[in-house]
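Dock chain X against the given chain A, drawing on the hints supplied.
Chain residues, written in single-letter form:
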Amino acid sequence: MNPLRKQRLYALIAVLIGSLLATWLVVSALSENMNLFYSPSEILKADIDENVLIRAGGMVKQGSIEKSKDSLNVRFTVTDYQNELIINYEGILPDLFDENAGVVVRGNLKTDGSFKAIEVLAKHDENYMPPEVAKLIEANG
Amino acid sequence: MGSPPLFYRWSSKIMPWLGILAIIFLSIGLFWGLLIAPTDYKQGDVYRILYVHVPSAILGQSIFMFMAACGLINVVWRAKISGMMLKSAAPIGMSFTLIALVTGSVWGKPTWGTWWVWDARLTSTLILFFIYAALIGLYSSIDDKTKADRAVSILSIVGLAIIPVIKKSVDWWQTLHQPSTFTLTSSPSMSPDMYQPLLLCVIGFYLIFAFTLTLNLRNEVIDRERSKNWVKQIFVN
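Heads up: the sequence lines are chains A and X, in that order.
Residues 1 to 141 in our numbering are what the first sequence lists, from first letter to last.
Residues 142 to 378 in our numbering are what the second sequence lists, from first letter to last.
Hint data in this document are derived by calculation from the structure and do not stem from the laboratory.
Any given hint could turn out to be false.
What the hints assert, rightly or not - Under the rule of at most 27 Å between Cα atoms (straight-line distance), these lysine-lysine pairs were calculated in the DSSO-like manner:
1. X:286 to A:6
2. A:110 to A:45
3. X:288 to A:61
4. A:6 to X:369
5. A:67 to A:116
6. A:61 to A:6
7. X:288 to A:135
8. A:69 to X:183
9. X:373 to X:288
10. X:373 to X:286
11. X:369 to X:286
12. A:116 to A:61
13. X:308 to X:154
14. A:67 to X:250
15. X:373 to A:61
16. A:45 to A:6
17. X:309 to X:183
18. A:69 to A:6
19. X:288 to X:183
20. X:288 to A:6
21. A:61 to A:45
22. X:250 to X:309
23. A:116 to X:250
24. A:69 to A:110
25. X:183 to A:67
Please read all numbers here as calculations on a predicted model, not as lab measurements.
For reference, chain A alone in the conformation it holds in the complex:
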């Protein structure tokens, strides 16, 4: 490679490294703000004001969903398998909302430790399979 081309190549590599470095600095400065939600453990550790809107996320605990018979009120527990958070919500739940499925809720943490959600989003995982296969896996534990 002739010297001029080599010089241009080095300049470009420097540009790329600079750009990667700048991106890395931005991303690490944002650090935990890059997360969409907090886990129940993180929320219990932090001192969060009642009026601050936050997002909490985790798995819906098995057998914890209590639906009201005459309204859209629903109460369920979100767990990260270490700590739990009780969520109260009034509204329509997404189709994929279920026990043992991921969920992200937005709302306020009340002083009594419960969470009043104004939005519930279902999180689905990266596994795709036909229903028969899912049944087989469940049957085989």
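Just chain X now, kept in the frame of chain A:
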């Protein structure tokens, strides 16, 4: 390949094949994916949107990497054709990124319960879309094509830093978007009768890219060389 008249003749032979192959792969892949592949145990039929969403997202990112490679060649070796290639690929990559954003949104509403959320994966993909827009804007704001090529080449290298962020966003941070189904290190967490048609769709989308890129590049070559004799010869006869 580097010489425009040679490229023009050679590409006219290869283009119909790219088109035919794209149609074959896409029609088999989409027919198989949308009608024959089994439904998902959790999402039902809604998951089938991934046969369009996943290939578009892959293309949106790999076209940008392709453009950065063109940019590098253009800056270091001053190969004119690589600048034209970069310019021709940009609108295609931008379109695929837009398709990925729109289909993702349409998929998000029935599954997550929202059209959009500002999580790391979605936001970084939106940034990629804006980088494409900036690149196209920068190109068209410079009259001298050689200078425009060089400016856009450098921007493509700068913009390359967003690609690893998009790719790793679902692993580094908590997002609403699920982690990757396909990884290099482990077997895919999708059953084979679902990912086989997806593979055909991905190949089909790459072929569409190759086809439209060749088409755009031919126009670009003719446009830039319009005062040359070989172009006059083609269009006078």
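Results for each hint:
As the CA atoms of residue 286 (chain X) and residue 6 (chain A) are separated by approximately 24 Å, the hinted pair is consistent with the 27 Å bound. A hinted pair counts as satisfied when its Cα atoms are at most 27 Å apart, and residue 110 (chain A) with residue 45 (chain A) qualifies at roughly 14 Å. As the CA atoms of residue 288 (chain X) and residue 61 (chain A) are separated by approximately 60 Å, the hinted pair breaks the 27 Å bound. A threshold of 27 Å between alpha carbons decides the hint, and for residue 6 (chain A) with residue 369 (chain X) the separation of about 32 Å lies outside it, so the pair is violated.
At roughly 15 Å between alpha-carbon atoms, residue 67 (chain A) and residue 116 (chain A) fall within 27 Å of each other, so this suggested pair holds. This hinted pair does not check out: residue 61 (chain A) and residue 6 (chain A) have alpha carbons roughly 60 Å apart, beyond 27 Å. Distance check on the hinted pair: residue 288 (chain X) and residue 135 (chain A) sit about 61 Å apart at the alpha-carbon level, beyond 27 Å; violated. With a CA separation close to 25 Å, the supplied pair residue 69 (chain A) and residue 183 (chain X) stays within the 27 Å bound.
Of the pairs offered as hints, the one joining residue 373 (chain X) and residue 288 (chain X) holds, with about 26 Å between alpha carbons and a cut-off of 27 Å not exceeded. Simply put, residue 373 (chain X) and residue 286 (chain X) have alpha-carbon atoms about 21 Å apart, close enough for the 27 Å limit, and the pair holds. About 16 Å separates the Cα atoms of residue 369 (chain X) and residue 286 (chain X), which keeps this hinted pair within 27 Å; it holds. In summary, the hint linking residue 116 (chain A) to residue 61 (chain A) is supported, as the alpha carbons are separated by about 17 Å, within the 27 Å threshold.
Pair hint residue 308 (chain X) plus residue 154 (chain X) does not hold up; C-alpha atoms about 36 Å apart against a cutoff of 27 Å. Restraint check: the Cα-Cα separation between residue 67 (chain A) and residue 250 (chain X) comes to about 23 Å, which is no more than 27 Å; the hinted pair holds. For the hint pairing residue 373 (chain X) with residue 61 (chain A), the CA-to-CA distance comes to about 73 Å; that exceeds 27 Å, so the pair is violated. Note on residue 45 (chain A) and residue 6 (chain A): the hinted pairing is violated, with a Cα-Cα distance of about 54 Å set against a maximum of 27 Å.
Proposed proximity of residue 309 (chain X) and residue 183 (chain X) is supported: the alpha carbons are some 25 Å apart, at most 27 Å. For the given pair, residue 69 (chain A) sits about 74 Å from residue 6 (chain A) by alpha-carbon distance, which is inconsistent with the 27 Å threshold. Of the supplied pair hints, the one linking residue 288 (chain X) and residue 183 (chain X) is violated, its CA atoms being roughly 53 Å apart against a limit of 27 Å. Restraint check: the Cα-Cα separation between residue 288 (chain X) and residue 6 (chain A) comes to about 20 Å, which is no more than 27 Å; the hinted pair holds.
A distance of roughly 20 Å separates the Cα atoms of residue 61 (chain A) and residue 45 (chain A); the hinted pair therefore holds under the 27 Å criterion. Distance hint between residue 250 (chain X) and residue 309 (chain X) is fulfilled; the C-alpha atoms sit about 24 Å from each other, no more than 27 Å. Pair hint residue 116 (chain A) plus residue 250 (chain X) holds up; C-alpha atoms about 22 Å apart against a cutoff of 27 Å. Between the alpha carbons of residue 69 (chain A) and residue 110 (chain A) the distance comes to roughly 24 Å, so the proposed pair stays at or under 27 Å and holds.
A threshold of 27 Å between alpha carbons decides the hint, and for residue 183 (chain X) with residue 67 (chain A) the separation of about 21 Å falls inside it, so the pair holds.
In this structure, the hints that do not hold are numbers 3, 4, 6, 7, 13, 15, 16, 18, 19, in rising order.
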